[in-house]
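> Sequence:
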Amino acid sequence: MQTNNKTSSILIITLVASLGGFLFGFDMAVISGVLPFLQKQFSLSAFEEGWFVSSALIGCIVGVAFSGELSDRLGRKKPLFISAAFFFLSALGCAFMPSMFWLILFRFLGGVGIGLASNVVPLYISEIAPAKSRGRLITYYQFALTFGILVAYLTNAGLLAYATSQPVAGEAGQGNMMQPRF
206 MQTNNKTSSI
216 LIITLVASLG
226 GFLFGFDMAV
236 ISGVLPFLQK
246 QFSLSAFEEG
256 WFVSSALIGC
266 IVGVAFSGEL
276 SDRLGRKKPL
286 FISAAFFFLS
296 ALGCAFMPSM
306 FWLILFRFLG
316 GVGIGLASNV
326 VPLYISEIAP
336 AKSRGRLITY
346 YQFALTFGIL
356 VAYLTNAGLL
366 AYATSQPVAG
376 EAGQGNMMQP
386 RF
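Numbering-wise, the sequence shown is residues 206 to 387 according to the numbering used here.
I should point out that these hints are in silico values taken from the structure, not numbers from a laboratory. Be aware that a few hints might be false.
Said to hold, decoys possible - Here are the simulated DSS-like pairs of lysine-lysine, each with C-alpha atoms no more than 25 Å apart in a straight line:
| no. | residue 1 | residue 2 |
| --- | --- | --- |
| 1 | Lys337 | Lys211 |
| 2 | Lys282 | Lys337 |
| 3 | Lys337 | Lys245 |
| 4 | Lys211 | Lys282 |
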């Protein structure tokens with residue numbers, strides 16, 4: 206009985222930690238659906254577009270650069286909480302941003318969280334996982350990342366359908382979801 210409880214706990218912890226991968230995938234892919242709306246709303250130049258899209262990746266570089274040192278000094282859990290704080294601030298800031306400058310800044314902060322999580326989550330999972338299931342449990346992180354990308358693209362399809370008043374739900378049987386909407 207004790208072994209089953211421990212296995213369940215490790216699985217739950219792994220799934221929660223893997224949310225960092227989901228957010229990574231979602232954040233990187235959702236931009237493709239949001240960008241056309243931002244271009245229209247803010248009349249973005251190509252330069253601003255580039256900064257908007259790349260700001261999260263630049264933040265990732267910063268997050269990864271500090272992730273090893275942070276996880277060595279603070280352990281694995283604290284950097285995960287720091288990463289979650291960056292994700293939260295980024296989401297909140299992007300939702301209520303007053304200008305393009307702030308949107309880029311908050312995307313950068315989200316990127317820092319992604320960079321931290323992308324290095325620390327697999328480390329953490331590998332340390333809590335029993336040797337016999339370590340590979341399988343670490344795979345949940347990559348699965349979550351890929352699933353985040355899928356959810357982002359489905360979200361983008363929904364946003365596009367909402368913005369253009371074209372129904373998406375129920376069209377899968379007709380094969381219409383595969384048709385370009387431009």
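> Now look at each hint and say whether the structure bears it out.
Hints versus structure:
Using a Cα cut-off of 25 Å, the hinted pair Lys337 and Lys211 holds, with the two alpha carbons roughly 14 Å apart. Only pairs whose Cα atoms come within 25 Å are accepted, and Lys282 paired with Lys337 is accepted, the gap being roughly 23 Å. This hinted pair does not check out: Lys337 and Lys245 have alpha carbons roughly 52 Å apart, beyond 25 Å. Of the supplied pair hints, the one linking Lys211 and Lys282 holds, its CA atoms being roughly 18 Å apart against a limit of 25 Å.
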